[in-house]
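As they're listed, the protein sequences go chains A, B and C. Following the working numbering, the numbering of the first sequence begins with 145 at its first residue and continues without gaps. Following the working numbering, the numbering of the second sequence begins with 66 at its first residue and continues without gaps. Following the working numbering, the numbering of the third sequence begins with 25 at its first residue and continues without gaps.
Derived by calculation from the structure, the hints in this document are not laboratory data. Think of the CB as a built atom: it goes at the ideal place given N, C-alpha and C, for glycine as much as any other residue. Check before you lean on any hint, since a few could be wrong.
Unchecked claim - Stretches of chain C that chain A covers, calculated by requiring three or more beta carbons in the stretch to come under 8 Å of a beta carbon on chain A:
no. : region
1   : 189-198
2   : 282-290
3   : 297-309
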Amino acid sequence: MRAEHRGRAARLAVLSALVAVAGCHRPRTSVASKGPLRGGTLVYATDREPICLDPHVAGDMPQVFVAEQYLDRLVSMDRDGHIRPWLASSWDISPDGRSYTFHLRHDVSFTDGTPLTAEAVRANLDQMRDPHTQSTTAGGYIRQYVGTDVLDAHTAVVHLSRPYAAFLEVLAQGFLGIESPRALARSRDDNCQSPVGSGPFRIVRWDHQSDIVFARNPDYHRAPPTARHQGPAYLDGIVWKFIPEPQVRFASLQAGELDVIDNLPPEDELPAAKNPELRLLVADRPGNPTHGMLDTRRAPFNDIRVREAFVCSADIDGALSSVFFGRYRRAGGPLSPTTPFYSPDFEHAKDYDPLRADRLLDEAGWRRGPDGIRERHGVRLVVEIPERASLAPADRTLWEQVQATARQTGFDVRLEPMSDTQANQRVADWDDDVALGYWNTNTADVLRIVFGSAFLGRTGIGGHHQNNSGFSDPAYDRIMEAALETRDAARRRVLYHQAQAIISSRYLQITTYPQTTRLAIRSDVHGVRIEPSLGVTSLYDAWLSR
Amino acid sequence: MSQSLLAGRRWGDARQGRPAWLLPLVADPGAMLAACFLVWLVATAMAPALFTARDPIAIAPRAAFLPPDWAHPFGTDASGRDILARIIWGTRSSLLIGVLSTGLALGVAIVIGTFGALGGRLAERCVARLLEVLFSFPTLILSLLFAPSLGSGTRSLVLAVGIGSIAGYGRLVFGQMRSVREAGYVEAARVLGHPAWRTICVQIVPNAMRPLLVTATMGVGQTIVWASTLSFLGLGAPPPAAEWGTMLVMGRDYIAQAWWLTFFPGLFIVLTSLSTTVLGRALQRTLAAGGR
Amino acid sequence: MNAGVRTRRLASGLLGRAAGGGSVLFVSASITFIALHIMPGDPVMAMLGGPTADPSPAAIAAARHEYGLDRPLAVQYGLYLWRLLHGDLGVSFSQHMRVAAVLREQAGPTIVLTLSALAASWIVALLSVLVTTRRNRWLDGAAASVETVGASLPHFWLGIVLLWVFAFRLQWLPPAGNSLAALILPTVSLAIPLGGFIGRVTRDSFAAALDQPFVLSARTRGLSDWQVRVLHVLRHAVLPGLGLSAWAVAALLGNAVVVETIFSRRGIGRQLFEAVSMQDMPLASGIVLFVTCLYVIASLLIEMLSALIDPRLQGARR
Numbered sequence: 145m146r147a148e149h150r151g152r153a154a155r156l157a158v159l160s161a162l163v164a165v166a167g168c169h170r171p172r173t174s175v176a177s178k179g180p181l182r183g184g185t186l187v188y189a190t191d192r193e194p195i196c197l198d199p200h201v202a203g204d205m206p207q208v209f210v211a212e213q214y215l216d217r218l219v220s221m222d223r224d225g226h227i228r229p230w231l232a233s234s235w236d237i238s239p240d241g242r243s244y245t246f247h248l249r250h251d252v253s254f255t256d257g258t259p260l261t262a263e264a265v266r267a268n269l270d271q272m273r274d275p276h277t278q279s280t281t282a283g284g285y286i287r288q289y290v291g292t293d294v295l296d297a298h299t300a301v302v303h304l305s306r307p308y309a310a311f312l313e314v315l316a317q318g319f320l321g322i323e324s325p326r327a328l329a330r331s332r333d334d335n336c337q338s339p340v341g342s343g344p345f346r347i348v349r350w351d352h353q354s355d356i357v358f359a360r361n362p363d364y365h366r367a368p369p370t371a372r373h374q375g376p377a378y379l380d381g382i383v384w385k386f387i388p389e390p391q392v393r394f395a396s397l398q399a400g401e402l403d404v405i406d407n408l409p410p411e412d413e414l415p416a417a418k419n420p421e422l423r424l425l426v427a428d429r430p431g432n433p434t435h436g437m438l439d440t441r442r443a444p445f446n447d448i449r450v451r452e453a454f455v456c457s458a459d460i461d462g463a464l465s466s467v468f469f470g471r472y473r474r475a476g477g478p479l480s481p482t483t484p485f486y487s488p489d490f491e492h493a494k495d496y497d498p499l500r501a502d503r504l505l506d507e508a509g510w511r512r513g514p515d516g517i518r519e520r521h522g523v524r525l526v527v528e529i530p531e532r533a534s535l536a537p538a539d540r541t542l543w544e545q546v547q548a549t550a551r552q553t554g555f556d557v558r559l560e561p562m563s564d565t566q567a568n569q570r571v572a573d574w575d576d577d578v579a580l581g582y583w584n585t586n587t588a589d590v591l592r593i594v595f596g597s598a599f600l601g602r603t604g605i606g607g608h609h610q611n612n613s614g615f616s617d618p619a620y621d622r623i624m625e626a627a628l629e630t631r632d633a634a635r636r637r638v639l640y641h642q643a644q645a646i647i648s649s650r651y652l653q654i655t656t657y658p659q660t661t662r663l664a665i666r667s668d669v670h671g672v673r674i675e676p677s678l679g680v681t682s683l684y685d686a687w688l689s690r
Numbered sequence: 066m067s068q069s070l071l072a073g074r075r076w077g078d079a080r081q082g083r084p085a086w087l088l089p090l091v092a093d094p095g096a097m098l099a100a101c102f103l104v105w106l107v108a109t110a111m112a113p114a115l116f117t118a119r120d121p122i123a124i125a126p127r128a129a130f131l132p133p134d135w136a137h138p139f140g141t142d143a144s145g146r147d148i149l150a151r152i153i154w155g156t157r158s159s160l161l162i163g164v165l166s167t168g169l170a171l172g173v174a175i176v177i178g179t180f181g182a183l184g185g186r187l188a189e190r191c192v193a194r195l196l197e198v199l200f201s202f203p204t205l206i207l208s209l210l211f212a213p214s215l216g217s218g219t220r221s222l223v224l225a226v227g228i229g230s231i232a233g234y235g236r237l238v239f240g241q242m243r244s245v246r247e248a249g250y251v252e253a254a255r256v257l258g259h260p261a262w263r264t265i266c267v268q269i270v271p272n273a274m275r276p277l278l279v280t281a282t283m284g285v286g287q288t289i290v291w292a293s294t295l296s297f298l299g300l301g302a303p304p305p306a307a308e309w310g311t312m313l314v315m316g317r318d319y320i321a322q323a324w325w326l327t328f329f330p331g332l333f334i335v336l337t338s339l340s341t342t343v344l345g346r347a348l349q350r351t352l353a354a355g356g357r
Numbered sequence: 025m026n027a028g029v030r031t032r033r034l035a036s037g038l039l040g041r042a043a044g045g046g047s048v049l050f051v052s053a054s055i056t057f058i059a060l061h062i063m064p065g066d067p068v069m070a071m072l073g074g075p076t077a078d079p080s081p082a083a084i085a086a087a088r089h090e091y092g093l094d095r096p097l098a099v100q101y102g103l104y105l106w107r108l109l110h111g112d113l114g115v116s117f118s119q120h121m122r123v124a125a126v127l128r129e130q131a132g133p134t135i136v137l138t139l140s141a142l143a144a145s146w147i148v149a150l151l152s153v154l155v156t157t158r159r160n161r162w163l164d165g166a167a168a169s170v171e172t173v174g175a176s177l178p179h180f181w182l183g184i185v186l187l188w189v190f191a192f193r194l195q196w197l198p199p200a201g202n203s204l205a206a207l208i209l210p211t212v213s214l215a216i217p218l219g220g221f222i223g224r225v226t227r228d229s230f231a232a233a234l235d236q237p238f239v240l241s242a243r244t245r246g247l248s249d250w251q252v253r254v255l256h257v258l259r260h261a262v263l264p265g266l267g268l269s270a271w272a273v274a275a276l277l278g279n280a281v282v283v284e285t286i287f288s289r290r291g292i293g294r295q296l297f298e299a300v301s302m303q304d305m306p307l308a309s310g311i312v313l314f315v316t317c318l319y320v321i322a323s324l325l326i327e328m329l330s331a332l333i334d335p336r337l338q339g340a341r342r
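Next comes chain A alone, as it looks inside the complex (with noise of 0.2 Å):
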C-alpha cells in the first residue's frame, strides 16, 4: 500500500512539474501510443501445474496454457472459425476426404537447430497416436489417423480411415503443436522436463511446484495471421508462476509482485474492476459449456420428466448472482457461444420454474413422503453427485445451491466429496446420477464425443467413457457423422442445429455458465490477448511499458 502511494505522489508531482513548466494543460497521453517497448520479464501465475509440459501426453489445460508459448500449430483458427495458414502455408484435401497434403512453409526451424520438414510432422502425429505416449486429448482427437507419407522435404500427406471435417480444427489446437524431432525422439519424461518447439519462447527451465522460465526466440518470424505483429516476441522472457491459492495469488498481483494471473476467482473480480492499476481480459472458451451431466442408465434419470424436473428445480441464476458476483454469464444450451456453429434458440430451455418440476414429478408418479423428500414404491428419490476435490469452490457452493432448491421440489441431492481418482472411478463405472464436468475445444464435433453412442464403451481396463449421460440414440450418431463428412458450412450447420435442439430436448445435462478464460493484468502491461482456438493466453504480442 505505501509504495503505491510513493509512486503515485511521485507520478503526481513529476505531472505537475511538467503541466507547469509546458504552462498548457496537456491531456496524459497514453503510453500505448508510444508503440511497444522491447525488453523485460513478465510475471505470469496461473494456479494449475502441469504434470509434462508436453501437451502430447496426457493433455489438460494448465498444458496447452504453456505450449501456446513455444509451440506452433499446423494450422491457426481466427474469431470467426475460419482456417487460416501457419506452418503449413497451404493444404489440399482429397475429393473423399481421407487424405489431407500439408504444404510447408521453408523457413522454420525449431529452438534446437531441426529444420521443420514433412518429417517433423510424422513424427508429431505419430507419437501423439502411439500408446506410450500416454496421449489421452491430442491422441483421442486423431483416433481417425492411419499414417503420414513424406512426399517430400516440405509436402507431408497425412491419411485418415474416415473423412473428418473437424480435422483442421482439432491441428489448430495447442494440444497438436509441432515439437522438434529430435527432442521427441528422446524418452517421453526427458521430454515432459524440456519440450523443444518454433514458438515465440523457449523453456528454459522448470522448477516443480515453483514456476517455468521462458526465454524469447530471436529467430522468430511465423507469427499466425491472428497475430498482432511479426517476428521476435517484445519480451525477453517469462516466469510462469505456479500459485494454487486464488487469494494469494490476487493479493501478489494487487501488490505487484505479478504482472498477469490467470483464473481469476469470482470474488476479485469486483475489486479487480474497481483497481485502477489492473485491467480485466476475459474470453469465453468453446466448447460444451460447464455442466452436470444426468446418467439415464439408472434411475431416477430414466425418465426423461424427473430430468426435466430436476433441471427446472435448479435455480442457476440464484447461484450466479450470489457465488459469482453476478460477472458470469448463464450457458445457453449444449454449446458454448464462441463455438462454431452455436445457435442461440436453446437459451432459455433450462430455466428455473419449480411449479413445472412439481407438476413432472407427480406425473411420474413420485409422491412426497413425510420429510419432503419424495418416493415411488417405497424408494426415495435420490440424487448422487460425486465431488472432485479439485473443484473450485464457488463450483461446490453453486451446487450447494442446486442441492437446496432440488430440495423443495423433493429431490434428496447428495453431493459427495473425493479425490478426483475416486470422482473419476464412480462416473467411470455409472456410480453417480451427475458427473460434473466441462469440455473445451473448438469445434461443435464436442456433440459427437459427449453425447454419441461410440463413446459409451468402457475405452480400456477401468478406462473411463467420454459420454457421461449414457445417451444413445441411432438417428443422433447419423446427424453427427453426416456433420464430419462435409465441409459444407451451411450444411453443417444445420446439421448441428438438429444436434444441438435434440440434446436440448432431451434435458441430458444442468449447464451452468461457460467456460472462461479470465485473466487480470497490470496497467503497466501490454498486448496480452486470449487466442481463438481454444481461449489460451498468448503472450506474444505482450510488452512492458516500464
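With chain A held as given, fit chains B and C onto it using these hints.
Just chains B and C now, with coordinates in the frame of chain A:
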C-alpha cells in the same frame, strides 16, 4: 508425558461441607467459564432448535455475504444462510466428532496398552515397538493416508481422527500401566492371593486411568481441531452439513470480502478447545490435590 | 565407569537405535502401502489427464504395465520393499520424475520451515517461562493464560487470519514466495500453538523445580535470582519439553501440509497431499519414509541433547 504435568499446584485444604471436586472450580473463574461454555455447547447440541429459529440449510442467494448486523449477528454466508444458526446446528456434529473419536482412540489404546503391560515380555516389546512407530507418524499424515478410503462424512472423520490419536493415548496408557503394575498395592493384592483379573479390574485399570481422564478431556478439544484440519484438506462432512471445520474452509476464499465466514466458526473451535483444556487442567488440579 | 564400558554402552545403544529406526521405517512403508491400496479409485485414470481426457485402451494398458499395476498385490508389495531396500524410491507417476528428485527439490523448504518453527516456539516458550514463572502472581497467571490460549489455536485458522491481516490488509509481508520474508508468517502460525504447548509444559516443570531444595541452597550461596533460574533450574525444567520435541518435529512435519497449502509454499507437505489424492504410491511412500527418517534422526539428536543436559540419562535405557 512427564510427571511434572501431573504435579500441578497445591490448593489449600478443602473447605468443610463442600465436595472436594467442586472447590477448584469455584475458586477458579477460568474453569467456571469453561464449564459454563461447555454446558451451553452440550445444550445446543442436544436441542439446537431452542437456541435459534432460523433454518441452517435454507438458502437465500440474493441475501448472500451480508455483514454482521442485528438480523444476522454473525452475518450470512455465500448462499445467504445465517451463520449463527449454522454454528448452533453444527455443534452437534462437532462435539460428536470430538467425543467419539477420543473415545475410540482411548478404547483402542487401553486394549493395546493393557495387553502390552500385562501380557508378558514379548507382548511388551511388540507393543512398545508398535507404539513407537505410530507415534513417529505425524497424526495428520496418518489421518490423511486413511481418510480417502473412509470416504467423507462425520463417521469417517471420527475414524480418521481416532486412528491418528491412538498413538498418543497408547503411550500414556502403556506407561501408566507399567508403573502401576509395580505399585505397592498391586504387590499386596498378589500376596493376599487375589486372582489376576480382579487385580487388573479393581486395582490396576482404575489407578492407571485417572491421569487419562485429564488428557482425554483436553483431547476432545484437540480432536475437534484435528477434525477441522481434515475438513480443511477436503475430507470433511459433505454439504449441506453445518460442521464448523467445513464452514471455516468454505469461508476461506472470501476472507477479503467477508471475513465473518471464517472468523466465527474458527472462534467457536478455539473456544471449545480452550474450554476443554482449561477444564482439563482444573480436573488435574483436583485429582492432584484430592488424591485417593 | 571407565571409558571402555561407556563406549561399548554407547555403541550398543546406537545399534539398538539403528535397528529400532529400521523397523520403524519398515512398518511406515507397509502402512503406506496398505493405505494407498485400500483407497478406492484407479490411479491410472488420475495420471492420464483431467476431465477432458480420452485415453485409448492401448494407452491405459501401457500405463498400467509401465507402473507395474497389473501384477498381483503380494508381488507389488514384495517388489516395493525390495526396491526400497536398494534405496530405489521409484518414479512418481503424477510428476513423471524420479521420487528422489522430487524429494531433493521439495524437502529443503519444508525442513527450513520445520526448524524455524521449532526454534521460534522454543524461544517464545523459554522467554515466557524464564521471565514470568513465580515472579508475580498476576503476571504468572496472565502468561500461563496466554500460553494456554496460544496452544488452543488451530494453526490453519491462525495462518488464514495472519495472512489476511499482515499480507492482504496491511501488506507488511509478502503473501507468497520463497524469500525469507515469506517465511515469517508460516513460521509464526506453526510456532504460536507449539510454543504455547511447550511453554505450559516447561512452566509446570520449572515451577516444580523451583520448589526443590537445591534452589534454596543456591540462593543461600548468594546467587542472584536470574543466575538461579538460568544456570540451575532451567536444566531441569527443559527436559520434559525436550522429550516432547521429537514428537513436535513429527507434528510440525504433518502440519506443514496445511501451512504450505495456505501460503502456497513449496514443500513435501503439500506434495504429499497431492500424491495421496492422485494415489501416487511411490511419491507418497517416499515422502512418508523421508518424514519418518527425519523423526528418527530428530529423536536421536534430542536424546543425545537430553543426555548432555542431564547426565543421569546417559546409558539409561528408556
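Checking against the hints above, which ones are violated? none
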